[in-house]
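K.L.:
Each chain is listed here by its residues.
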Amino acid sequence: MKKYRNSKKSAVLRGVSLVAVIATMIGFTSCGGVDPNVKQKENNTSSYQVVTTAPASDVEKEGFNAYGDGLTDPVKLKGVTVKVSDFAIRSFELAFLLGSGSFKNVEKLPVDMLTQYGFSHLSYKNLYEIPKDEVLYREADEDQIQKELKKHFGSVKVDLKKSSLYNKGKKKFEIWLPNYGTNVYYRVDAADVSKNKVEIITTFYNELKKSSKLGRTTLTVKLDNKKPVIAELKVG
Amino acid sequence: MKKVLSIVLALLIILSASAVSAFAEDNTVEITEDGTYNVGADCSRLVIKGAKATVNLTDASMSSEGLGYSPVLVTDKSDVTFVLNGTSEIVGDAQKESCGIQVDFGCDVTFEGKGTLNVTGGKFGAAIGSFGTGTNISEDQRVKVGTITINSGTINAYAGARGSGIGSGYHVNGNKITINGGLIHAYGKECGAGIGSGYGTSGGAVGVAAVGEYDSGKIVINGGEVYAAAASNADFNTRNYADINANDPCSFAAGIGGGYGSSASDIQINGGKVVAIGSTGGAGIGGGRGTSKAANYNKDAYKVNVKIGGNADVTAIAGTARSNEANSGGAAIGSGRGTHTGGSIEIKGNAKVYALSATGAPAIGASKQKSPVDGAIPKAESIVVGDNVNLYAVSKAEYAVDKDAETLSINPKYFGSSDKYFFGESSVAIADCNDVTVESPEGRMTYVAPADSVSLWSRIEEFKEPANDDSGEVQPAAGGNDNGSGNEQGSGDNTGSDNDDDDATVTKTSLGIVTPLAMAVRFEDGSVYYSGDTLEIELGKEYKFQMCCVDWSTRDDNNEKKIHKEGEVFTSPQHGIYSDDGLGLRGTVVYTVKVSKKYDERSYDEAAKSFVLPKGDAVLRTDVNKCFMAYRFTFRSGDYNKQTGIDKVVYDTGREHVNTLEDFRYNKPLEFLSVNLPLGSTIKAIAYDNYEKIGDADVFVRIDEENPDRSYTTYVWDY
Chain U
1 MKKYRNSKKS
11 AVLRGVSLVA
21 VIATMIGFTS
31 CGGVDPNVKQ
41 KENNTSSYQV
51 VTTAPASDVE
61 KEGFNAYGDG
71 LTDPVKLKGV
81 TVKVSDFAIR
91 SFELAFLLGS
101 GSFKNVEKLP
111 VDMLTQYGFS
121 HLSYKNLYEI
131 PKDEVLYREA
141 DEDQIQKELK
151 KHFGSVKVDL
161 KKSSLYNKGK
171 KKFEIWLPNY
181 GTNVYYRVDA
191 ADVSKNKVEI
201 ITTFYNELKK
211 SSKLGRTTLT
221 VKLDNKKPVI
231 AELKVG
Chain A
1 MKKVLSIVLA
11 LLIILSASAV
21 SAFAEDNTVE
31 ITEDGTYNVG
41 ADCSRLVIKG
51 AKATVNLTDA
61 SMSSEGLGYS
71 PVLVTDKSDV
81 TFVLNGTSEI
91 VGDAQKESCG
101 IQVDFGCDVT
111 FEGKGTLNVT
121 GGKFGAAIGS
131 FGTGTNISED
141 QRVKVGTITI
151 NSGTINAYAG
161 ARGSGIGSGY
171 HVNGNKITIN
181 GGLIHAYGKE
191 CGAGIGSGYG
201 TSGGAVGVAA
211 VGEYDSGKIV
221 INGGEVYAAA
231 ASNADFNTRN
241 YADINANDPC
251 SFAAGIGGGY
261 GSSASDIQIN
271 GGKVVAIGST
281 GGAGIGGGRG
291 TSKAANYNKD
301 AYKVNVKIGG
311 NADVTAIAGT
321 ARSNEANSGG
331 AAIGSGRGTH
341 TGGSIEIKGN
351 AKVYALSATG
361 APAIGASKQK
371 SPVDGAIPKA
381 ESIVVGDNVN
391 LYAVSKAEYA
401 VDKDAETLSI
411 NPKYFGSSDK
421 YFFGESSVAI
431 ADCNDVTVES
441 PEGRMTYVAP
451 ADSVSLWSRI
461 EEFKEPANDD
471 SGEVQPAAGG
481 NDNGSGNEQG
491 SGDNTGSDND
501 DDDATVTKTS
511 LGIVTPLAMA
521 VRFEDGSVYY
531 SGDTLEIELG
541 KEYKFQMCCV
551 DWSTRDDNNE
561 KKIHKEGEVF
571 TSPQHGIYSD
581 DGLGLRGTVV
591 YTVKVSKKYD
601 ERSYDEAAKS
611 FVLPKGDAVL
621 RTDVNKCFMA
631 YRFTFRSGDY
641 NKQTGIDKVV
651 YDTGREHVNT
661 LEDFRYNKPL
671 EFLSVNLPLG
681 STIKAIAYDN
691 YEKIGDADVF
701 VRIDEENPDR
711 SYTTYVWDY
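Chains as they are written, first to last, in my numbering: chain U, 1 to 236; chain A, 1 to 719.
Don't read these hints as lab results, they were simulated from the structure.
Since we're looking at a predicted model, the values are computed, not measured.
All C-beta atoms, glycine included, are put in the ideal place defined by N, C-alpha and C.
Honestly, I wouldn't trust all of these hints.
As the list claims (entries may be wrong) - Cross-link-like lysine-lysine pairs, in silico, BS3-like; alpha carbons within 27 Å at most: (1) Lys209/U / Lys693/A; (2) Lys172/U / Lys49/A; (3) Lys626/A / Lys171/U; (4) Lys49/A / Lys176/A; (5) Lys168/U / Lys541/A; (6) Lys299/A / Lys403/A; (7) Lys213/U / Lys61/U; (8) Lys684/A / Lys234/U; (9) Lys370/A / Lys693/A; (10) Lys104/U / Lys162/U; (11) Lys541/A / Lys161/U; (12) Lys83/U / Lys150/U; (13) Lys615/A / Lys168/U; (14) Lys157/U / Lys626/A; (15) Lys348/A / Lys176/A; (16) Lys104/U / Lys151/U.
As the list claims (entries may be wrong) - Facing chain A, according to a computed beta carbon distance under 10 Å, are these residues of chain U, among others: (17) Leu98; (18) Ser100; (19) Met113; (20) Lys132; (21) Tyr137; (22) Glu139; (23) Gly154; (24) Lys162; (25) Tyr180; (26) Thr218.
When you get a sec, could you build the whole thing from the sequences and use the hints?
P.N.:
Here it is, written out as structure tokens:
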């Protein structure tokens, strides 16, 4: 059973942890597990490749923003940069803005949900930035959405034209962009880099001081044509 | 001594062989011998014992308020014919178990004449029939009422608490009621049927007093005008027909048939005009509301058997369920909510039948709340509809008639082309049925269905191929400039203006809006419309819109609730409010609507989400056509005392001014929550156990890809 703990630790603990990591590194490398109690500031030789602990923001800014801390800097997977904070946000979008629940195969997601995810990302890199009190109409072609989905998930073999967002008469996709606008408060607890994947474990909160939990996700990132893409998501 | 004196006096009168009035010292008339009697305004109480009597009831006025008895008592195997003259008023004692006219078991009572009888029951009593008791009683003790026959006259029968209008009282079975003529208004009260049985039971033990073990007896209507309704718990103005609205909570009874917990084993309507309204889980015609517990339900005893034939003209309405039971109340004709069967329903002859269910129950058949016995969805045992029947059936359910009936006999030519609606989208939409007003010579009874609760008027008629566009006669436009050329199709090829003929003159028209319950439509200019609203749009122009659901805390049936929002206080409308700044939710699917310049063009292109409506009848019906999804929430380990809330829709607002029933209903998580939601929205659903949060889930609202025709989705909490 995995146990996770806040990544903010004292320097003393980090020092102790460094020794512990070195001592146990071989074992963890073989099984792909991660002990998030062991976080290193600079450990490029570790399988964890965790770089730093970002300071938490303590002041909220105007508009919708993501306030993350923990292990938010990139890690490397087979030499490819994986932006941990970006994928943490993706897991938030899927789990809490779209209600995807856990999935192991993105093609099993409802076509309406998948289409809406890709369609919305055509207009907004981060879905939490979509204005909350404006209603925005958008049109798109299928290949635009497919390309967007490919950026997120790799090749996806789903007939998007089955979506409710497809207008067969116009041969276009149409959407009233969902009003997802919200602040995102999160802490990346761990980024477990193994041979073929990165598991990004993130806890989301309801407010800036991060005392009330919204939920937790474990997002699995794999490489698809040397691009990091979402492979699996576990919620809860 | 008084008793002896009155008997002697009565005998003397009878021996005179003439119809006279006779009074004891307290103005009680006691009849013990056969004969004809006149009873008028001087009589304070009428008791008929063991006599075959004709009583000319002329402008009588009797009240037993505070006296603890029924002002008219027919007992000891009497056979009495009341001849109605003038207007008589009879009122039982509201504080003591009593009736207006008490007809004991073994007695036969007939009403005829040209006069009017206004009669009100006392506590636990029918207006005409029997009274009952506040505790469950054994089966042999439930036989209390005699037979009642009405041949003519005007009778307005208002039950006492928990009694029927005409029939039995609380915890008492019905016997036999026959109506051959006359004008009758009969209203049950507090779980009593309008005509049939009073409050049966909310659930005793099987074999003792379980739901279904009470019965409304035999009810036969051969003629006359009959208006029967299950009325509310609240006081109602029993003298103002227009004020009586069966759409009040907690009546739980049928209009004609069973009271709460009662069967309706034998209802025959062979003629006459009949209007029957059940409410809050009771059928319009049929059984009363059941239970959710198997231990309190006797599936072998609960029976519904309704036969309609001859030239009967019948309107049956099952009113709304409680707010958290909108998935299924009672059927218009069939069973009540919380029962195991819809029973047997036969409609034959040349009958004309309107059946309207305002909830997810079919108009004809079984309520679709899961069975208390096995959790299965109930179905009717048998439904037979003859070829010459003129049937109009409407329901919020997927099917106006219970297609799952074990035996279903209906001419297939009546079927439309759609699988979703039993009688087909190709059937003829005949009316908007938000208001059903029934007129009668003596007054009127109005049933106001929730403005957005009814999805479909469908008429059974011989199926006809839809006329194609070319054959449709083009009417001259109101503006006089429609040349009728062109052949408009369901979906436009472009966004924005879509004038597809050469008419250079822009003509505007009204567009009516119908939405599912607690939903709204938002047009691209930001304007929001609710069911019953109209707006003015340009003919031939395509408008984009989206579906929204309202914040239930802003709904108010009475338009009285004060809403506190950001320091402002305003009166909430009945339909509730959606607003872009946070009240309710909105969907992401883009729909379009266009009013054609033709009178005969109506289509919904599902693939394009595009409505085309005919000029002259431009009503945007978003309550059909897959514009939303109804989500039902239930719990894996049982629903008892577990609730579901939805953020921004159905939730505890935390307001401190909760002081009305409506406040409570619309601001708390609900058991058996069923809620209409816009596609593409994501809801935050919250599970509660006794109003304590036990979990939550983010749920994406969508059409079930594996069952695309299903209009509801059941979400099962893992608790």
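K.L.:
Each hint should be assessed against the structure and marked as holding or not.
P.N.:
Tested hints:
1. Lys209/U / Lys693/A: Holds, because 23 Å separates the two Cα atoms, which is no more than 27 Å.
2. Lys172/U / Lys49/A: Answer violated: Lys172/U to Lys49/A is near 83 Å, above 27 Å.
3. Lys626/A / Lys171/U: holds, 20 Å
4. Lys49/A / Lys176/A: holds, 20 Å
5. Lys168/U / Lys541/A: Roughly 19 Å separates the two Cα atoms, so the pair holds.
6. Lys299/A / Lys403/A: Measuring from Cα to Cα gives roughly 21 Å; hence the hint holds.
7. Lys213/U / Lys61/U: holds, 21 Å
8. Lys684/A / Lys234/U: The hint holds at about 18 Å.
9. Lys370/A / Lys693/A: holds, 25 Å
10. Lys104/U / Lys162/U: Distance ~21 Å between Lys104/U and Lys162/U Cα, so the pair holds.
11. Lys541/A / Lys161/U: holds, 26 Å
12. Lys83/U / Lys150/U: holds, 17 Å
13. Lys615/A / Lys168/U: This hinted pair holds, its Cα atoms lying about 25 Å apart.
14. Lys157/U / Lys626/A: Between Lys157/U and Lys626/A the Cα gap is close to 26 Å, so the pair holds against 27 Å.
15. Lys348/A / Lys176/A: holds, 22 Å
16. Lys104/U / Lys151/U: Distance of about 17 Å is within 27 Å: holds.
17. Leu98: holds, 6 Å
18. Ser100: holds, 7 Å
19. Met113: With a minimum Cβ separation of about 5 Å from chain A (threshold 10 Å), the hint on Met113/U holds.
20. Lys132: Given a least distance of 8 Å, the restraint on Lys132/U holds.
21. Tyr137: Holds, about 7 Å.
22. Glu139: holds, 8 Å
23. Gly154: At 22 Å from the nearest chain A Cβ, Gly154/U fails the 10 Å test, so the hint is violated.
24. Lys162: Where the cut-off is 10 Å and the nearest Cβ of chain A is about 7 Å from Lys162/U, the hint holds.
25. Tyr180: holds, 8 Å
26. Thr218: violated, 16 Å
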